[in-house]
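Q: Take a look at the letters that make up each chain.
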Amino acid sequence: MTTNKEKIAFMSLPMAELLLRAPFIGEFFDTLGLDLPLGEVSPEEYFTLLDGELLEDLGLERDSLTERFTAFMGLLENLKSGTGEPRIESITIQGGHDKSGRPENFNLTVRPGEVICIVGPTGSGKSRFLADIEWIAQGDTPTGRRVLINNNPPEAAQRFAIDHKLVAQLSQNMNFVMDLTVEEFITMHAESRMVEDVATVTATIIDLANDLAGEKFTPQTPVTALSGGQSRALMIADTSCLSSSPIVLIDEIENAGIDRKRAVHTLVDKRKIVLMATHDPILALMGDRRLVFKNGGISAIIVTSDAERANLTLFEEMDAKLSAVRNALRNGERIGNTA
Amino acid sequence: MKLITVAGPPSSGKTCVTLKAIAALQQEGVQVGVVKFDSLSTQDQALYEKQGLAVTTGLSGNLCPDHFFVSNANDCLAWGLARGFDLLVIESAGLCNRCAPHIQGVQAVCVIDNLSGVDTPKKIGPMLKMADLVVITKGDIVSQAEREVFAYRVRQVNANAVIIQVNGLTGQGGHELGKLLLGAPETTNLEGSLLRFSMPAALCSYCLGQRKIGSDFQMGNVKKMVFG
Numbered sequence: 011m012t013t014n015k016e017k018i019a020f021m022s023l024p025m026a027e028l029l030l031r032a033p034f035i036g037e038f039f040d041t042l043g044l045d046l047p048l049g050e051v052s053p054e055e056y057f058t059l060l061d062g063e064l065l066e067d068l069g070l071e072r073d074s075l076t077e078r079f080t081a082f083m084g085l086l087e088n089l090k091s092g093t094g095e096p097r098i099e100s101i102t103i104q105g106g107h108d109k110s111g112r113p114e115n116f117n118l119t120v121r122p123g124e125v126i127c128i129v130g131p132t133g134s135g136k137s138r139f140l141a142d143i144e145w146i147a148q149g150d151t152p153t154g155r156r157v158l159i160n161n162n163p164p165e166a167a168q169r170f171a172i173d174h175k176l177v178a179q180l181s182q183n184m185n186f187v188m189d190l191t192v193e194e195f196i197t198m199h200a201e202s203r204m205v206e207d208v209a210t211v212t213a214t215i216i217d218l219a220n221d222l223a224g225e226k227f228t229p230q231t232p233v234t235a236l237s238g239g240q241s242r243a244l245m246i247a248d249t250s251c252l253s254s255s256p257i258v259l260i261d262e263i264e265n266a267g268i269d270r271k272r273a274v275h276t277l278v279d280k281r282k283i284v285l286m287a288t289h290d291p292i293l294a295l296m297g298d299r300r301l302v303f304k305n306g307g308i309s310a311i312i313v314t315s316d317a318e319r320a321n322l323t324l325f326e327e328m329d330a331k332l333s334a335v336r337n338a339l340r341n342g343e344r345i346g347n348t349a
Numbered sequence: 157m158k159l160i161t162v163a164g165p166p167s168s169g170k171t172c173v174t175l176k177a178i179a180a181l182q183q184e185g186v187q188v189g190v191v192k193f194d195s196l197s198t199q200d201q202a203l204y205e206k207q208g209l210a211v212t213t214g215l216s217g218n219l220c221p222d223h224f225f226v227s228n229a230n231d232c233l234a235w236g237l238a239r240g241f242d243l244l245v246i247e248s249a250g251l252c253n254r255c256a257p258h259i260q261g262v263q264a265v266c267v268i269d270n271l272s273g274v275d276t277p278k279k280i281g282p283m284l285k286m287a288d289l290v291v292i293t294k295g296d297i298v299s300q301a302e303r304e305v306f307a308y309r310v311r312q313v314n315a316n317a318v319i320i321q322v323n324g325l326t327g328q329g330g331h332e333l334g335k336l337l338l339g340a341p342e343t344t345n346l347e348g349s350l351l352r353f354s355m356p357a358a359l360c361s362y363c364l365g366q367r368k369i370g371s372d373f374q375m376g377n378v379k380k381m382v383f384g
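Chains as they are written, first to last, in our numbering: chain A, 11 to 349; chain B, 157 to 384.
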């Protein structure tokens, strides 16, 4: 965090120097509708000299500008230093109770790189579980669960910090509502994360997404023209490289038309905790554990056994066979004898 | 009584989100009342009543809805106190982007939605920039990247607010929002309280019902555009 002394220091530094230190600082003025101060002017001088009528028009108060600027600088620093908070080594969820008040009796600790599957019918409490993690519940949600980060309850500020948001969700029914090309879109995200080399990161993400997607797309493809599979591939690549959230939830990835095993591996490689709502046998066997949801609570936690995993080869053969048939159909061929 | 002002662009989900948050509070036995401000007509009264809430609607008609709100704010508070609510929510009409009903010392909530696009946080004035609590809605229909960029842009214009994502349809996040609303300070009187920011000025011939266009008919507080 910025100390008081530093605060005063950057308020009186000339803009040119501040811009060298933090190129993104220009956005502060831009987002408030103010012109960028000239190089030799300090924020302090700039705020003092701003026209009162202009401020009135913009809905800004002069007195609040210093505070806003300081807060913005804090935000920049937080994002740049990778939050300055200790890294997340583990997330622990302590059971509460289901909808009927029956205790859940579990204590689940997950670590980066783990894959946890979530199974159970619609309405069995999967969303509530995620909401508990998002909120870092402290016995104050309908389930009574508690969530610990690195074995400790969170500090109040952590619960609402956007740069500490715990869960990134890659849901099925996701759309792009922006009319941008893939490249512009990823660039915009990278800029908001203030990464050092925006162009390289953007190119990496687009390559990775193309590896995952069945059909290729270019950096110039509009995001709105991507197929469902391409969109999912792009979001998986994007989330693995750019999202600060340690947990990634993906649901029903089996329907996405992408290389689902590689997609999961991509996230695991980036040390994400992967939560996967799936009933696909191959994906389920990739999971280290399965959380079974029933009546708003977790009724069991099944550790994937070696005996279960022994089926994997068989399932993969079956899957490859079905894929081959699918491809044959796509190419207008007849289905031969596959037995 | 705790008082809360809820503002946000039209159709951003103010009513839905408020209903979900209140539902969680009702389960805990909190007595909640609502005053809904709107311009022409509103079906929201029925929505609130369906949830068993005491609600009063204020229609501003041909007056500026925000000026109408301020003129009635203290009366809203008096109504809430007389009815013995624990918490009173004043939901404003969808306002022009320069306006805000937020009052100093009263918890201020701004509701905006992901669908409005990532440039929207920039375009909204004191309603967003001076809110204590920013509720972002419709996150379920946009991509994770857009959600992150949108929240970041909100953070850029209001670095100190608590930001929370709420789904107005499924209610995800509503319970948590309810908890945050309960943290509002007690308000017993608004006499002499200050708005967080002045409302846009308007006192010209058109305020008084003029319909004719032309320089001869413009009087009072008139501002002219500059063309390049």
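Hint data in this document are derived by calculation from the structure and do not stem from the laboratory. Each hint should be verified, as a subset may be incorrect.
[Stated by the list, open to error] Below, computed lysine-lysine pairings styled on DSS-like, alpha-carbon distance capped at 25 Å:
(1) K175/A to K206/B
(2) K331/A to K226/A
(3) K109/A to K335/B
(4) K380/B to K279/B
(5) K175/A to K278/B
(6) K368/B to K380/B
(7) K278/B to K379/B
(8) K158/B to K278/B
(9) K335/B to K368/B
[Stated by the list, open to error] Partial list, computed: chain A residues near chain B (C-beta under 7 Å):
(10) T41
(11) L44
(12) L85
(13) W145
(14) A178
(15) Q182
(16) M198
Just so it is clear, the structure is predicted and the values come from calculations on it, not from any experiment. Each residue gets a CB set at the ideal place from its N, CA and C atoms; glycine is no exception.
Q: Give a verdict on every hint.
A: Right, here's what the structure says about each hint:
{"no.": "1", "hint": "K175/A to K206/B", "result": "violated (34 Å)"}
{"no.": "2", "hint": "K331/A to K226/A", "result": "holds (23 Å)"}
{"no.": "3", "hint": "K109/A to K335/B", "result": "holds (20 Å)"}
{"no.": "4", "hint": "K380/B to K279/B", "result": "holds (21 Å)"}
{"no.": "5", "hint": "K175/A to K278/B", "result": "holds (22 Å)"}
{"no.": "6", "hint": "K368/B to K380/B", "result": "holds (17 Å)"}
{"no.": "7", "hint": "K278/B to K379/B", "result": "holds (23 Å)"}
{"no.": "8", "hint": "K158/B to K278/B", "result": "violated (30 Å)"}
{"no.": "9", "hint": "K335/B to K368/B", "result": "violated (51 Å)"}
{"no.": "10", "hint": "T41", "result": "holds (5 Å)"}
{"no.": "11", "hint": "L44", "result": "violated (11 Å)"}
{"no.": "12", "hint": "L85", "result": "holds (5 Å)"}
{"no.": "13", "hint": "W145", "result": "holds (5 Å)"}
{"no.": "14", "hint": "A178", "result": "holds (5 Å)"}
{"no.": "15", "hint": "Q182", "result": "violated (10 Å)"}
{"no.": "16", "hint": "M198", "result": "holds (6 Å)"}
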